[in-house]
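A.B. asks: So you can see what is in the structure, the chains are spelled out below.
Number of protein chains: 2
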Amino acid sequence: MTVREIYEKQKELLNKEVTLQGWIRNHRKQKEFGFIDFSDGTDFKHIQIVYESALKDFEQIQKLHVGCSIKVEGKLVPSEGKQDFEVKATEITLLGDCPEDYPMQPKKHSREFLREQAYLRPRTNLFQAVFRIRSIAAFAIHEYFQKNNYLYVHTPLITTADCEGSDQMFKVTTLDFNNLPKDEDGKVDMSKDLFGSLSYITGSGQLHGETFALAFQKIYTFGPTFRTENSNTKTHANEFWMIEPEISFCDLNGLMDIEEDMLKYVVKYVLDHCSDEINFCDNFVEKGLREKLEKLVNSSFTRVTHKEVIDILKKSKEKWEFEPSYEDDIAKEHEKYITEYFNGPVFITDWPKDIKAWYMKANPDNKTVAAVDLEVPGAGELMGGSQREEDYDVLLERAKSMGVDTDAINWYMNLRKFGGCVHSGFGMGFERLIMYLTGIENIRDVIPYPRTPGNCDY
Amino acid sequence: MTVREIYEKQKELLNKEVTLQGWIRNHRKQKEFGFIDFSDGTDFKHIQIVYESALKDFEQIQKLHVGCSIKVEGKLVPSEGKQDFEVKATEITLLGDCPEDYPMQPKKHSREFLREQAYLRPRTNLFQAVFRIRSIAAFAIHEYFQKNNYLYVHTPLITTADCEGSDQMFKVTTLDFNNLPKDEDGKVDMSKDLFGSLSYITGSGQLHGETFALAFQKIYTFGPTFRTENSNTKTHANEFWMIEPEISFCDLNGLMDIEEDMLKYVVKYVLDHCSDEINFCDNFVEKGLREKLEKLVNSSFTRVTHKEVIDILKKSKEKWEFEPSYEDDIAKEHEKYITEYFNGPVFITDWPKDIKAWYMKANPDNKTVAAVDLEVPGAGELMGGSQREEDYDVLLERAKSMGVDTDAINWYMNLRKFGGCVHSGFGMGFERLIMYLTGIENIRDVIPYPRTPGNCDY
Chain A
11 MTVREIYEKQ
21 KELLNKEVTL
31 QGWIRNHRKQ
41 KEFGFIDFSD
51 GTDFKHIQIV
61 YESALKDFEQ
71 IQKLHVGCSI
81 KVEGKLVPSE
91 GKQDFEVKAT
101 EITLLGDCPE
111 DYPMQPKKHS
121 REFLREQAYL
131 RPRTNLFQAV
141 FRIRSIAAFA
151 IHEYFQKNNY
161 LYVHTPLITT
171 ADCEGSDQMF
181 KVTTLDFNNL
191 PKDEDGKVDM
201 SKDLFGSLSY
211 ITGSGQLHGE
221 TFALAFQKIY
231 TFGPTFRTEN
241 SNTKTHANEF
251 WMIEPEISFC
261 DLNGLMDIEE
271 DMLKYVVKYV
281 LDHCSDEINF
291 CDNFVEKGLR
301 EKLEKLVNSS
311 FTRVTHKEVI
321 DILKKSKEKW
331 EFEPSYEDDI
341 AKEHEKYITE
351 YFNGPVFITD
361 WPKDIKAWYM
371 KANPDNKTVA
381 AVDLEVPGAG
391 ELMGGSQREE
401 DYDVLLERAK
411 SMGVDTDAIN
421 WYMNLRKFGG
431 CVHSGFGMGF
441 ERLIMYLTGI
451 ENIRDVIPYP
461 RTPGNCDY
Chain B
11 MTVREIYEKQ
21 KELLNKEVTL
31 QGWIRNHRKQ
41 KEFGFIDFSD
51 GTDFKHIQIV
61 YESALKDFEQ
71 IQKLHVGCSI
81 KVEGKLVPSE
91 GKQDFEVKAT
101 EITLLGDCPE
111 DYPMQPKKHS
121 REFLREQAYL
131 RPRTNLFQAV
141 FRIRSIAAFA
151 IHEYFQKNNY
161 LYVHTPLITT
171 ADCEGSDQMF
181 KVTTLDFNNL
191 PKDEDGKVDM
201 SKDLFGSLSY
211 ITGSGQLHGE
221 TFALAFQKIY
231 TFGPTFRTEN
241 SNTKTHANEF
251 WMIEPEISFC
261 DLNGLMDIEE
271 DMLKYVVKYV
281 LDHCSDEINF
291 CDNFVEKGLR
301 EKLEKLVNSS
311 FTRVTHKEVI
321 DILKKSKEKW
331 EFEPSYEDDI
341 AKEHEKYITE
351 YFNGPVFITD
361 WPKDIKAWYM
371 KANPDNKTVA
381 AVDLEVPGAG
391 ELMGGSQREE
401 DYDVLLERAK
411 SMGVDTDAIN
421 WYMNLRKFGG
431 CVHSGFGMGF
441 ERLIMYLTGI
451 ENIRDVIPYP
461 RTPGNCDY
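Top to bottom, those sequences are chains A and B.
Each residue of the first sequence is one higher than the one before, counting from 11 in the numbering used here.
Each residue of the second sequence is one higher than the one before, counting from 11 in the numbering used here.
These are calculated hints, taken from the structure and not from any lab test.
Computed from a predicted structure; not experimentally measured.
Check before you lean on any hint, since a few could be wrong.
Note that the list lumps identical chains together, so a pair holds whenever it fits in one copy or between two copies.
Taking lysine-lysine and the PhoX-like style, the derived pairs with C-alpha atoms no more than 20 Å apart in a straight line are [as the list claims (entries may be wrong)]:
1. 324 with 197
2. 66 with 39
3. 81 with 427
4. 192 with 181
5. 73 with 26
6. 19 with 346
7. 73 with 427
8. 363 with 26
9. 244 with 324
10. 157 with 55
11. 202 with 181
12. 427 with 244
13. 157 with 278
14. 157 with 366
15. 81 with 55
16. 157 with 19
17. 366 with 39
18. 427 with 118
19. 327 with 117
20. 427 with 55
From just these sequences and the hints, can you work out the full model?
C.D. replies: Right, dumping it as structure tokens:
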């Protein structure tokens, strides 16, 4: 039996015998009584265990520390305290001891301290909430795409091709760094590597995803991605999870429909399935979180072009740190202003071609591309997508002008020769979604074991 | 509208106007008619498009090649041919052309040829079936664990710790191979790497998974894993996906219950959701596949010890290539014999300690460990799991005797100090499951872009 089952079936279980196994989260001792705040990890809610001095081993039980794992046998009874019910123990058995200097004492710990104790922090309320939301949100994403008949594709992690540029990619090797084989010119001979060539771990599954979209029409990826970015900010990690859907016969408007529908589905799913967790985060992480999420589900997302956004920014009376420009990306201050201006999520479309990726569809004006970023109040850019250039010649010229080695990805180029079609896709950083869903501001606190520059602990 | 929607709502759509976008898989031309075998990737089934000479552009349409993407407008009508219905076209528009020498012509291709055309093979019937089954099976796994309240954990891919031994792991680096920084002793200075130390991509999420099981009770991982094994066989790949559940307060018997329940759930889910795909594989890949899978769902799995297995093998009158031994692993020929002997899936438990991993729970006999392999008819070992050693001192001694650097994973060791408990987990190679579900014999044909020694193409 689990704590979750007790909460689910409390009416039928009341006044029945129950047996639980879990951990002591807090322990209050009185002369004739003891109260154990008990969690078994199956539910965000804990349950109170009451034991009396009549119990054999009463004195031993009173010595049990916070953190111990125990087995509790008893009866589920109405509570005289704040909670509806509690377990009146008939027997409490120690399963695994825990020393008095156990780091996870029932008091407020700083996030920094908890990051150092990354392997113990899942035992705290905050991380019970965050990682449950992460798990439920991941499932909601799978369910959304599967219900809508998308194919889940496992694009390769190790690759020789990449759409984000290899300077941002980790190299992977089986060679011994201290004994590297050399070729005639004294260069490292990568042909001696397991794959016979230099390879990387990928920063995106998009290129491979497109090959499957042109066979299955609607596909998505959901897997880890890697960037070597040496930046120690609250929003950067070197390893993160990404969702990359790709859809054939879909233009930019169709893509925005999908992004909006998917995001609302996932947010609603989390609200429905993680009510306790959201309430906790609303109370202790971001005031107003629940309202923010409910508002998103019921809002309709605005769609404006990059040019319109710059017009609005220029007309505003704000003092900008970065001057808005028709040729440039928009800054964080602009993102914030625009989502407040429209009082909700905003799709910004038709970006200047020179600041966007080579595979994005050129618009007829030849100055902008059919790209779209979704800006969300409080989170900034949550998704980025585009129509893909389906014209072989245009794509080739654009790739070359951006220095892309098209020979290495001739298979990708060929998709435009062999029954190509209008198609579009987007990427959503999963951690950014979880930060939005929980109100957590530091990406290190939404990843079980974060990898950032200088930190590959655990 | 999609082909899948037409099959789902054929009754209400009959004699209605429909519009489809997809690809020409075959094209038969007659003087007054043309027949297009049309797929849009949303359903394993294709649909027949009929067009008549009365159509404007009739001559242009007759010239359309296999592989072209087209838009079809027409009426869904009862068919005079083998199929129940077809689309009588009123207009066919070319969306994306395809040359006559397109490699994916409608004829039988060898698997080897298709592997070379990895980016086009998803357009063939075989790989439409295999990759749809892969996608549906992945979702079934998520659904099983989520329904049963397991937490999905994203354990890190880049790591400095690993439970399978770092000699089997790829190294990851941001350093330039041709310009490596050296320390005073002339060794490569890994402190200059992004993480400040030598790091790897992981071969297992188990150790990190355990830390979450001791907080959430029931967890699972589902992600890519990597091994550097230099072996070119039908069953080895250097990158593959793995599912690793870990459950607190669960012993070896409880673990077997979960493995059996989960496998039956997934197989039944695939039978229910991929009927066409399974029928295709039954016809063209493995005769009797459907019967094999249905039998598994309805069988009860045998549980025997390693010792009992060796007894059976020794008593049999078979001529073994490898002599069965109480101290050794069992060979493929033994696995086959045993699943045939019991006429179904077999859990083999209590393996000799010396051939199993250091973290497995020592049995009271001090000769065997509480490990279990699941052997499945026609697939061999599908899952491997164990109870984990929860006694700190026993674990420490065993780890040291196996040469494990326990200081580097003191957090893992500490789980035994801070409220440890009986817990168990298993690993299932996802590709092996897909091979079992499809009858495909080569792992290269169940992975979108397989990575094997010497091959990191695409």
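A.B. asks: The structure should be examined with respect to each hint, and the outcome stated for every one.
C.D. replies: Hint by hint, here is what the structure shows:
1. 324 with 197: Neither, since 53 Å and 56 Å both go past 20 Å.
2. 66 with 39: within (16 Å within a copy, 89 Å between copies)
3. 81 with 427: between (65 Å within a copy, 17 Å between copies)
4. 192 with 181: both (17 Å within a copy, 18 Å between copies)
5. 73 with 26: neither (27 Å within a copy, 76 Å between copies)
6. 19 with 346: neither (45 Å within a copy, 45 Å between copies)
7. 73 with 427: Between copies only: 17 Å across chains, 74 Å inside a chain, cut-off 20 Å.
8. 363 with 26: This pair counts as neither: shortest intra-copy Cα distance 68 Å, inter-copy 43 Å.
9. 244 with 324: neither (29 Å within a copy, 62 Å between copies)
10. 157 with 55: between (31 Å within a copy, 18 Å between copies)
11. 202 with 181: both (15 Å within a copy, 15 Å between copies)
12. 427 with 244: Cα proximity of residue 427 and residue 244: none, with 43 Å in one copy and 33 Å across.
13. 157 with 278: Classified as both: same-chain Cα gap 15 Å, cross-chain 18 Å, threshold 20 Å.
14. 157 with 366: neither (32 Å within a copy, 41 Å between copies)
15. 81 with 55: Intra 18 Å, inter 54 Å, cutoff 20 Å: intra-copy only.
16. 157 with 19: between (29 Å within a copy, 16 Å between copies)
17. 366 with 39: neither (63 Å within a copy, 45 Å between copies)
18. 427 with 118: Neither: 61 Å inside a copy, 22 Å across copies.
19. 327 with 117: Neither. Shortest intra-copy (46 Å) and inter-copy (67 Å) distances fail the 20 Å Cα cut-off.
20. 427 with 55: Answer is neither; intra-copy 57 Å and inter-copy 25 Å both fail.
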